[in-house]
Amino acid sequence: MHELGITRSIVDIAERTAREHGGNRVTSVTVEIGALSGVIPDAVEFCFEACSKGTLLDGARLIVESIPGLGRCPDCGREQEIDNHSFACGDCGALGLERLRGEELRVKELEVD
Amino acid sequence: MCIDCGCAERTEQAHHHGHDHDGKTIQVGEDLLAKNDRLAAVNRQRFAGHGLLTLNLVSSPGSGKTTLLETTLRTLRAELRFAVLEGDQQTANDADRIAATGVPVHQINTGAGCHLDAHMVGHGVDHFDLANLDVLLIENVGNLVCPASFDLGEDCKVAVLSITEGEDKPLKYPQMFRAAELVIINKLDLLPHLDFDLETCRDYLRQVNPQARVIELSCKSGEGMETWYNWLREQLAKKK
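In order, the protein sequences belong to chains A and B. Straight run, no breaks: the first sequence in UniProt numbering ends on number 113. Straight run, no breaks: the second sequence in UniProt numbering ends on number 240.
Worth flagging that the hints you see were computed from the coordinates, not collected in a lab. Note that this is a predicted model, so its numbers are computed, not measured. Among the hints, a few may not be true.
[As the list claims (entries may be wrong)] Calculated lysine-lysine pairs in the BS3-like style (CA-CA distance at most 25 Å, straight line):
{"hint": "1", "chain 1": "B", "residue 1": "K24", "chain 2": "A", "residue 2": "K53"}
{"hint": "2", "chain 1": "A", "residue 1": "K108", "chain 2": "B", "residue 2": "K24"}
{"hint": "3", "chain 1": "B", "residue 1": "K35", "chain 2": "A", "residue 2": "K53"}
{"hint": "4", "chain 1": "A", "residue 1": "K53", "chain 2": "A", "residue 2": "K108"}
{"hint": "5", "chain 1": "B", "residue 1": "K35", "chain 2": "A", "residue 2": "K108"}
[Unchecked claim] Partner residues aside, some chain A positions facing chain B, computed with beta carbon under 7 Å:
{"hint": "6", "residue": "I6"}
{"hint": "7", "residue": "N84"}
{"hint": "8", "residue": "R106"}
{"hint": "9", "residue": "L110"}
[Unchecked claim] Beta-carbon label-pair distances, calculated as ranges:
{"hint": "10", "chain 1": "A", "residue 1": "R99", "chain 2": "B", "residue 2": "V214", "range": "17 to 23 Å"}
{"hint": "11", "chain 1": "B", "residue 1": "D168", "chain 2": "A", "residue 2": "G90", "range": "19 to 25 Å"}
{"hint": "12", "chain 1": "A", "residue 1": "R99", "chain 2": "B", "residue 2": "P192", "range": "38 to 44 Å"}
{"hint": "13", "chain 1": "A", "residue 1": "E98", "chain 2": "B", "residue 2": "K238", "range": "20 to 26 Å"}
{"hint": "14", "chain 1": "A", "residue 1": "R16", "chain 2": "B", "residue 2": "T227", "range": "47 to 53 Å"}
{"hint": "15", "chain 1": "B", "residue 1": "G102", "chain 2": "A", "residue 2": "E98", "range": "41 to 47 Å"}
{"hint": "16", "chain 1": "B", "residue 1": "A41", "chain 2": "A", "residue 2": "R78", "range": "30 to 36 Å"}
{"hint": "17", "chain 1": "B", "residue 1": "P192", "chain 2": "A", "residue 2": "R8", "range": "46 to 52 Å"}
{"hint": "18", "chain 1": "A", "residue 1": "S66", "chain 2": "B", "residue 2": "D168", "range": "23 to 29 Å"}
{"hint": "19", "chain 1": "B", "residue 1": "T25", "chain 2": "A", "residue 2": "A43", "range": "22 to 28 Å"}
{"hint": "20", "chain 1": "B", "residue 1": "H127", "chain 2": "A", "residue 2": "R61", "range": "41 to 47 Å"}
{"hint": "21", "chain 1": "B", "residue 1": "S221", "chain 2": "A", "residue 2": "R61", "range": "54 to 60 Å"}
{"hint": "22", "chain 1": "B", "residue 1": "E223", "chain 2": "A", "residue 2": "C76", "range": "37 to 43 Å"}
Note that CB positions come from ideal geometry on N, CA and C, so glycine has one too.
With the sequences and hints as input, model every part of the structure.
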């Protein structure tokens, strides 16, 4: 359940950023979670209420933007959507697709009062 | 709304996300693992400064990581200077076993935590005299999920898979097997007693991570151990 630590990082980053900008209350926080990041958005949402209690994020809305995986075939070069179960190129069947996108794990933006 | 826990569906949240408020929007763009990655970079630099080979051993609970370490240390401790960081939620059982080999060891108990992070490792190695070590072995918490996401500053992850676990572990936990540079298939001595198909396992591993080096061994019979020791020596030679 590394999502608990991940969610604490969301709250820490959001609180620090809000303070730096003179914000009082964070009303929403938007995070980007890539499909290949190994982090389950549902689990982050599950942890968020507990982690945000008593912080500037108490009562804030968590918005998760999922980023689909994108890979490139090492042989034929074809770019294709991939998930954690896509091991072979959809065209030529080569293994070891290079991951171009989908490992993101970022706080994108905040809304503060 | 989910009736069990009261959570809003993600799609619903995205749908309601608008800018109909009086507050201000702050762009952030900060990586959630940035703090861990920063500390891992500090660890890595510190280890490199001592020419130290650092391996992060990951596996399911019970794959035989501690036995592999015990056997390795007993065989090579006259040749190489080792230290071991032990990660477990509770107990110092593994640290006690390593200590019995005469090699310096420090136990990290993560409590509720499911993985070691770079911060824990940074403090854990303060218990060792890094200047007088060749190899630092980090035995991560037995868990094929979370440790995949956390860089500890190691040279590489070594995944240990025992043949009692079934050959499809790489397909079930691709994140971890993809992150590993070396995969050890352990408990080879049990092959005659199990329905484990070695070739199928190798094939699944290739699908997930065609670049991974695979070493098959048994700590009990000694089969394959020399290959593993040679791999260790080669990795260390690259560091010096």
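Hints, one by one, checked against the model:
1. B/K24 / A/K53: holds, 22 Å
2. A/K108 / B/K24: holds, 14 Å
3. B/K35 / A/K53: Within the cut-off at roughly 22 Å; holds.
4. A/K53 / A/K108: Answer holds: A/K53 to A/K108 is near 21 Å, not above 25 Å.
5. B/K35 / A/K108: Distance of about 16 Å is within 25 Å: holds.
6. I6: With a minimum Cβ separation of about 5 Å from chain B (threshold 7 Å), the hint on A/I6 holds.
7. N84: Hint holds; A/N84 Cβ to chain B Cβ min 5 Å, cut 7 Å.
8. R106: holds, 5 Å
9. L110: holds, 5 Å
10. A/R99 / B/V214: 17 to 23 Å: holds, 21 Å
11. B/D168 / A/G90: 19 to 25 Å: Check passed, 22 Å falls within 19 to 25 Å.
12. A/R99 / B/P192: 38 to 44 Å: holds, 39 Å
13. A/E98 / B/K238: 20 to 26 Å: holds, 24 Å
14. A/R16 / B/T227: 47 to 53 Å: holds, 49 Å
15. B/G102 / A/E98: 41 to 47 Å: holds, 44 Å
16. B/A41 / A/R78: 30 to 36 Å: holds, 34 Å
17. B/P192 / A/R8: 46 to 52 Å: Hint holds: Cβ distance 48 Å, inside 46 to 52 Å.
18. A/S66 / B/D168: 23 to 29 Å: holds, 27 Å
19. B/T25 / A/A43: 22 to 28 Å: holds, 26 Å
20. B/H127 / A/R61: 41 to 47 Å: holds, 44 Å
21. B/S221 / A/R61: 54 to 60 Å: This hint holds: roughly 58 Å between Cβ atoms.
22. B/E223 / A/C76: 37 to 43 Å: Given range 37 to 43 Å: holds, Cβ gap about 39 Å.
Consistency with the previously given hints is maintained throughout, with no hint failing.
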